[in-house]
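Engineer: Chains as they are written, first to last, in our numbering: chain F, 420 to 827; chain Z, 54 to 467; chain B, 14 to 244.
What the hints contain is simulated information worked out from the structure, not anything from laboratory work. Heads up, the beta-carbon is just placed ideally off N, CA and C, and yes, glycines get one too. Heads up, some of the hints might be wrong.
Claimed, not checked - Below are the BS3-like pairs computed for lysine-lysine, each with C-alpha atoms no more than 30 angstroms apart in a straight line:
| # | chain 1 | residue 1 | chain 2 | residue 2 |
| --- | --- | --- | --- | --- |
| 1 | B | Lys89 | B | Lys20 |
| 2 | F | Lys654 | F | Lys483 |
| 3 | Z | Lys214 | F | Lys483 |
| 4 | Z | Lys194 | F | Lys654 |
Claimed, not checked - Some chain B residues well away from chain F (every beta-carbon gap over 12 angstroms; in silico):
| # | residue |
| --- | --- |
| 5 | Leu69 |
| 6 | Asp81 |
| 7 | Ala236 |
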Amino acid sequence: MNVTGRLAWRNLWRHRRRTWLTVGAMVFCNALLVFMISFQFGSYGMMIDATLSIMTGHLQVQHKNYNADPRMRYTVPDGLSLARQLRQQTGLESMAARGTAFALASSAERSFGIQITGVEPDHEPLVSNLPGLVRQGRYLEGLTTEEIVVGSVLARNLKVEVGDELTFLGSGRDGSFAAGIVTVVGIINSGNADLDRVIAQVPLGYFQDSFAMGGAVHNIAAWVEDLAAVQPMKKRLQALVADPDLVVLDWDQLQPGLRQAITADITSGFVMYAVLIVLVAFSVLNTQLMSVLERTREFGVMMSLGLRPGTLGRLVLLETAVMSLLGLVLGALLGIVITLYFQVYGFYIPGMEEAMAQYNLPGRLYPHISLLSVILGPSVVFIGGMLAAIYPSLRLYRLEPVQAMRAA
Amino acid sequence: MADGYAPTMRVLAVLAWRNLWRNYRRTLIMLAAIVVGVWAMILFSAMMRGMLDEMVAGGLRVLPGEAQIHHSGYRDDPSVANSMDAPAGALRNTLDSPPIQAWTSRVKVPGMVVSERDSRGVVLLGVEPEGEIALGFQPDKIVEGRFLESAEDDGLVIGRKLAERLETDLGKRVVIMSQDPDNEVAERGVRVVGVYTARLQGTEETYAYIGRQVLQDLLGIGDQVSEVAITAGDYLQVNQWLPAVAEAAGPELETLPWTRLDGYLDSMLRVQGNMNVVFMVVIFLALSFGLVNTLVMAVFERVREIGLMMSLGMRPRWIMYQVLLESLILLTLGLLVGNILALVTILPLESGIDISVVAEGMEMAGMGTTLYPALAVADMLMSTVVVIVLGLLASLLPAWRASRLDPVRAMART
Amino acid sequence: MTAIACKDLCKTFTQGEQTITGLDRVSINVAPGEFVCLSGPSGSGKTTLLNAMGGLDSPDSGEIRVGDRRVDQLDKSERADMRLHNIGFVFQAYNLIPVLTARENIEFVMHVQGVPASERRDKSSAILEEVGLSGLGDRLPAQLSGGQQQRVAVARAIVSNPTLVLADEPTANLDSHSAEQLMELFVALNRERGITFVIATHDVRVMAYCRRLIRMVDGRIVADETQPGIG
Chain F
420 MNVTGRLAWR NLWRHRRRTW LTVGAMVFCN ALLVFMISFQ FGSYGMMIDA TLSIMTGHLQ
480 VQHKNYNADP RMRYTVPDGL SLARQLRQQT GLESMAARGT AFALASSAER SFGIQITGVE
540 PDHEPLVSNL PGLVRQGRYL EGLTTEEIVV GSVLARNLKV EVGDELTFLG SGRDGSFAAG
600 IVTVVGIINS GNADLDRVIA QVPLGYFQDS FAMGGAVHNI AAWVEDLAAV QPMKKRLQAL
660 VADPDLVVLD WDQLQPGLRQ AITADITSGF VMYAVLIVLV AFSVLNTQLM SVLERTREFG
720 VMMSLGLRPG TLGRLVLLET AVMSLLGLVL GALLGIVITL YFQVYGFYIP GMEEAMAQYN
780 LPGRLYPHIS LLSVILGPSV VFIGGMLAAI YPSLRLYRLE PVQAMRAA
Chain Z
54 MADGYAPTMR VLAVLAWRNL WRNYRRTLIM LAAIVVGVWA MILFSAMMRG MLDEMVAGGL
114 RVLPGEAQIH HSGYRDDPSV ANSMDAPAGA LRNTLDSPPI QAWTSRVKVP GMVVSERDSR
174 GVVLLGVEPE GEIALGFQPD KIVEGRFLES AEDDGLVIGR KLAERLETDL GKRVVIMSQD
234 PDNEVAERGV RVVGVYTARL QGTEETYAYI GRQVLQDLLG IGDQVSEVAI TAGDYLQVNQ
294 WLPAVAEAAG PELETLPWTR LDGYLDSMLR VQGNMNVVFM VVIFLALSFG LVNTLVMAVF
354 ERVREIGLMM SLGMRPRWIM YQVLLESLIL LTLGLLVGNI LALVTILPLE SGIDISVVAE
414 GMEMAGMGTT LYPALAVADM LMSTVVVIVL GLLASLLPAW RASRLDPVRA MART
Chain B
14 MTAIACKDLC KTFTQGEQTI TGLDRVSINV APGEFVCLSG PSGSGKTTLL NAMGGLDSPD
74 SGEIRVGDRR VDQLDKSERA DMRLHNIGFV FQAYNLIPVL TARENIEFVM HVQGVPASER
134 RDKSSAILEE VGLSGLGDRL PAQLSGGQQQ RVAVARAIVS NPTLVLADEP TANLDSHSAE
194 QLMELFVALN RERGITFVIA THDVRVMAYC RRLIRMVDGR IVADETQPGI G
């Protein structure tokens with residue numbers, strides 16, 4: 420360390436307690452930011468995964484009008500073969516075709532208007548986690564069998580159990596009368612009552628026959644490894660889908676609410692962080708201003724030795740930088756330790772279950788530490804501290820050596 | 054003087070005040086930090102409360118009411134089979150007397166609406182329009198046509214989104230289908246007489262309104278209804294009047310407050326309340342370092358002086374009081390200015406902040422597209438308590454240290 | 014060729030409503046290698062004159078020339094550079110940087126001048142020896158006596174080989190023995206290195222060492238005499 424460095428370092432420790440308190444404010448803020456940002460990023464990841472894995476998937480091939488206006492007639496023609504072809508060409512097995520229709524479902528005792536989804540039983544489990552949530556009976560088998568799986572609440576409302584028959588009445592794609600009788604083979608319990616009230620799935624082949632779909636489907640959903648793989652896969656699918664009436668949509672287009680919910684949460688979070696950082700900056704400002712003021716005489720002597728105000732200003736900035744760096748390193752370390760602890764053991768907010776279920780999140784949350792989540796907060800705090808030191812260092816330009824040396 | 058010199062509070066306050074302004078820059082910076090902290094605390098809680106009020110109010114308008122009475126099996130199985138008799142006798146008397154402001158009974162059954170082009174599963178609501186409006190239906194949300202005129206009105210009022218989905222329109226005929234108690238499909242044609250909009254798209258797609266009597270006739274349930282919705286104005290007071298209603302309704306029926314009917318709302322309300330306190334404490338902690346720092350510096354600069362006071366016979370306890378008083382003055386000033394600043398910021402915003410850019414995200418959380426900050430005295434008090442109590446706690450250490458100075462050594466310090 | 018040339022320097026201060034005359038048409042010339050003493054009672058203007066010469070303070074009117082430069086026409090940074098390279102300052106006590114050791118105080122100036130590290134080391138060792146402080150280089154100012162501190166200040170002032178040293182009451186806080194030692198150091202530096210010294214003082218012990226004695230009263234020069242037999 421050169422003389423200036425040593426000078427800065429020692430000046431910092433002239434008021435041990437003051438420096439530690441200021442560093443403490445930064446450590447507190449930095450550790451909190453690392454944890455909170457990791458926590459936010461972690462819960463966003465979980466939220467996106469949990470929401471998309473129910474049904475939506477990462478990508479869907481649809482008729483270009485279907486997303487904005489989901490009507491039966493906006494179909495993907497010959498969807499089963501297209502799905503098969505896409506699976507082959509991309510090598511991505513987790514791709515499944517679906518069809519959707521509304522119908523009045525009746526059991527021996529009850530009738531409900533429901534949404535029936537036709538699925539490919541062999542491929543649906545790779546795209547959606549619903550097939551894995553069958554709690555009674557089994558999932559669908561075969562493409563044309565006359566069977567159905569329903570959500571647990573729907574089953575209760577319809578008063579049906581595994582083995583009972585359901586009749587459905589609706590209209591087909593061409594407006595014709597659509598009806599059928601299916602056997603309940605499984606009951607899905609996702610734990611989310613809103614979801615369990617609407618699930619009704621039948622094999623896609625049977626669906627197409629019943630609702631006059633011909634070979635058409637309403638969408639082909641795909642699940643890729645992780646979010647980073649979404650855009651590359653989207654491009655590939657776009658290149659492979661030749662029909663100009665079809666589009667490939669990603670999860671953000673399919674569920675715009677998801678990203679907006681995240682944006683809203685990030686925004687409100689960042690407003691709070693900004694306040695914290697401003698408060699820390701005030702702490703730094705106070706400390707550095709005091710430090711400059713009490714050394715007025717000393718600075719006067721230095722100026723009389725021929726040091727320019729700029730050199731002295733840089734000295735104050737260097738002192739601030741050293742202090743802020745200390746806060747950054749200690750704060751980031753503390754933040755990492757806390758975050759890693761909760762990343763392993765999870766984090767539970769009492770009374771939050773219902774609120775989290777709304778976003779399909781489990782009761783226990785896990786932060787997700789990353790380079791970005793560790794660096795982001797502390798570096799902004801560092802910058803805030805440096806900005807706060809500008810005023811004290813600028814004061815040095817106004818310093819007149821003669822008066823400065825007369826100061827006590 | 055065995056007791057030592059005990060100055061009056063007045064003298065102490067004057068001393069504290071003057072000491073505070075000896076280093077006015079430091080005091081002003083600290084004051085600014087406290088002001089920003091307090092301002093943020095109040096602003097944030099006002100935003101949160103605004104969001105929540107809006108959410109709860111919106112939720113209760115759809116629910117509707119702060120409490121509802123159902124057949125004990127209805128909530129689990131919302132079928133026409135689980136209907137109840139319309140309120141009469143003791144229950145009716147209770148419902149007609151204060152503090153209850155309004156109540157209405159409704160038929161609420163799952164059904165379908167079939168248009169020429171499409172069909173959708175909906176919840177059919179057989180209502181009595183006057184009561185429905187008293188419980189929160191906003192007639193000004195009717196964008197086309199009209200709302201129902203009476204319980205005998207056989208027109209159908211649907212949400213805008215449902216109209217789009219069904220490709221139907223005002224004046225067109227649609228078929229409503231539901232199930233009567235014998236599990237026979239009951240259906241009839243009706244004319245769409247009104248289209249409404251709602252805060253949430255889900256509401257628009259789900260609820261279709263028709264005259265109560267018309268639906269009762271269709272289902273053949275006589276005077277029976279699915280639920281009785283009750284309001285007394287303030288959703289926080291529900292538990293005060295609910296027991297009387299529950300008793301009048303009898304054990305056969307299920308009488309529940311909104312907190313049980315909509316667990317999500319209740320959960321959000323409680324979580325947000327806690328979040329507010331956590332947020333305030335976090336902000337305060339960030340502040341506390343600066344506060345302690347300011348006091349430590351102030352004591353450090355005055356070591357000689359404090360030594361002098363002690364050697365003049367001032368008791369250590371009073372030295373401590375003096376430092377605490379300085380802290381208290383600083384905090385009080387900060388609170389005062391912070392509160393005023395928060396008021397000035399929030400009042401112009403009370404007409405609402407447009408957050409429609411994230412509308413669909415807010416809808417996931419059950420919120421609308423405009424945020425109305427709501428300033429609550431409770432939040433302002435809470436921030437005051439947090440700042441004063443924790444502030445004095447944080448000041449104890451520097452104050453105590455000042456009182457422990459050794460007068461002789463303190464005086465020798467240059 | 015003069016080391017310092019002042020012509021008609023005037024300077025007034027305002028204190029409250031009063032106007033105080035700091036310098037009143039002061040003109041002096043100091044030749045290179047001179048050893049000059051500015052004497053006079055407090056408030057007579059000697060410090061003001063010294064500060065003006067060093068460019069720490071500007072006169073209201075008049076000219077100051079140090080070497081071939083017009084100090085009164087330089088801007089703040091140029092004056093700082095002039096002090097850094099050409100002028101050494103020594104004040105009353107407490108003018109060392111308290112957190113740096115004696116050696117670091119000396120090296121700090123060289124560091125700012127951009128002298129390489131190895132050279133700094135050699136120079137600071139040599140200069141510490143020259144001022145009689147070898148072995149004490151690693152002490153902090155607080156661990157040195159007043160006289161030793163002043164000698165560090167002198168070492169710091171001359172380490173960059175200035176042509177001019179300005180000293181303001183350098184002996185004010187020193188006992189007689191230390192004051193004598195300091196003055197002898199000044200005289201030796203004046204003789205051996207040819208450094209010009211201007212010392213403001215009202216200490217008769219200092220005046221005894223000066224060849225040329227300038228007396229000031231109320232901002233005016235009232236006497237400028239050469240003391241025979243000194244130096």
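Engineer: Compare the structure with the hints numbered earlier in the document and write down the numbers of the violated ones, lowest to highest.
Structural biologist: Hint check: 4 and 5 fail, others pass.
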